[in-house]
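Take the given structure of chain G and dock chain L to it, following the hints.
2 protein chains.
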Amino acid sequence: MKIVVDAMGGDYAPQNVIAGVVDAVKEYGVSVTLVGISDTIKAELKKFQYPQSLIEIVHAPEVVAMDDPATVVIRQKRNSSISVGMGLLKKEGYGAFVSAGNTGACVAASTFILGMIPQVDRPGIGCIFPSLKNFTLMIDVGANTAAKPEHLLQYAKMAKVYAQTVLGRTTPTIGLLNIGEEECKGTDFEKEAHKLLEEKEPSFIGNVEANEVFTGKTDCIVCDGYVGNITLKVAEGMMESAGKLLKREIKKNPISILGALLLKSSLSAAKKSVDYSEYGGAPLLGVDGLVLISHGRSSPKAIKNAVRCAKEEIEHNVLKKIKEEMAK
Amino acid sequence: MKIVVDAMGGDYAPQNVIAGVVDAVKEYGVSVTLVGISDTIKAELKKFQYPQSLIEIVHAPEVVAMDDPATVVIRQKRNSSISVGMGLLKKEGYGAFVSAGNTGACVAASTFILGMIPQVDRPGIGCIFPSLKNFTLMIDVGANTAAKPEHLLQYAKMAKVYAQTVLGRTTPTIGLLNIGEEECKGTDFEKEAHKLLEEKEPSFIGNVEANEVFTGKTDCIVCDGYVGNITLKVAEGMMESAGKLLKREIKKNPISILGALLLKSSLSAAKKSVDYSEYGGAPLLGVDGLVLISHGRSSPKAIKNAVRCAKEEIEHNVLKKIKEEMAK
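Protein chains in written order, with this note's numbering: chain G, 1 to 328; chain L, 1 to 328.
Okay, chain G solo, but in the shape it has when bound (with noise of 0.2 Å):
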């Protein structure tokens, strides 16, 4: 089963993209098919040594920038690599569809070429965050800013599949991301989301707050798309930002600097279990294939990273399993 890479997609594309892909076909044993205007593709490849056999290219002439209104995969760019690689899918033989390319994009082009899943209405990215205990899989995190209340329930069931299935836990629990802990809490969206859920799911275990996200109090959140990427946002400005507050400190003081120094590897350690490249890509659940959803600046590991996730969703075969929930 082959694994459809967008070489143009994300600010450091091809580059980054390409030198990940190479990394996974060696590491894993993958094949990759690579998407993207050919003669791009090639000379950027010509770099590295690796298995031929394992990559193909798929010619695509059209790039969508990252900053394109969404809809232009499906009016104007119909020949862009998050398109063509898209509709790879729907071909045997082709397992999953990887990009780190405009998230918006993406998320049109896989709901018009790929479809919903039967009783799903809309799809929702996950997002896997770091958490004390081990990951919180939040859903959704910006596909669906405008969420209704059965959207969620359908989030709550796909992000158990995906909990149980991919990510190992036998029994995980759900909870409703809310201003507060008790049911009476938040807009009436979220009123009704909790009544609803918790009529319908067994694995709901009612609100979560906000920074429970990272003690990692329920295995999944689900939420508004809205407020799921400003969660996203805030944890990925806030961790980026202490980074750098910390690195000030430490040039001010040589002591410091040589206590920087020793913590090196506690630091490196840390640092790796709450790095989003570590997990690499995020699932598009809904749509009627496996997609991944990679940060746009993304590295070459993050990339490596975000195939290994499409190998293991395909070996857990998490769509089929999707489905089958859904259908009960």
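Keep in mind that the hints were calculated from the coordinates and are not lab data.
Hints are not guaranteed to be accurate.
Under the rule of at most 27 Å between Cα atoms (straight-line distance), these lysine-lysine pairs were calculated in the DSS-like manner [said to hold, decoys possible]:
1) L:Lys148 x L:Lys200
2) L:Lys244 x G:Lys251
3) L:Lys323 x L:Lys91
4) L:Lys195 x G:Lys148
5) G:Lys191 x L:Lys185
6) L:Lys148 x G:Lys185
In this text the structure is predicted, and so the values were computed from the model without any measurement.
What follows is chain L alone, placed relative to chain G:
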């Protein structure tokens, strides 16, 4: 001008509140009125040495619990420390009210007892986030979870005055929290708010993403109270969990323990600049009185700093200036 402090508010009341107040009167020479169960306050005060003339006690027999519904201050517990304390602000000689108690109850009591400033429809809680530049004043972080675009315009005007007078920014800039910088981003609410802010508020410079809270791209950020509250909780939760994770890693390795010791002063300096207790209180803007809401888990230092903030707000005449701005 006396500063009224809710002696019964917070997870560690009255101990932390009274310890913080004692430090504040000693350090800043301010006069404080402690409101709450008189005997409890007296017993606690006995533990300290302080200039007796600077602390007076006003008895309030009822206590609002942290999980009481907000309206309890208006309906059942009209003799609570929050209600009685807020009432004092209407008398001559009392300049500000500080509470680490039930946030919803403080918002309800201040709206009901103090009333709104003319031209302001809803109160908003301003939170001062540390950033790489200096600070970011975000409003609202939880008073009004169903904000309308015009409320955000009112928040923008009030935040501007607060940043100018209390925080010393001559020409503060204002951003609208959104999931993208382009003005087409967000839900209908953000699009309408963007249009209104652009038309009516010259300090408005456009949308900002949630990670910009910590880079300090704008001096002030306006948002709906629901999203603002999530932002605050994510930031708090992330900082706490990252700290725990780092400690866990450090303990595994003796060299790291030595490194951490050498790093101590820089870590404290960095921590100090991101520590909410250095700021102490979040101003509740829009009500006709100076109200500061402190974190439920406030340390004595956080309370001391909240009293300092109250003192500064009084000295800078911020209430009068906000009223003047709103009357323009």
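Practice problem: Return the numbers of the hints above that this structure violates; sort them in rising order. | Solution: When the structure is compared with the hints, none of them turns out to be violated.
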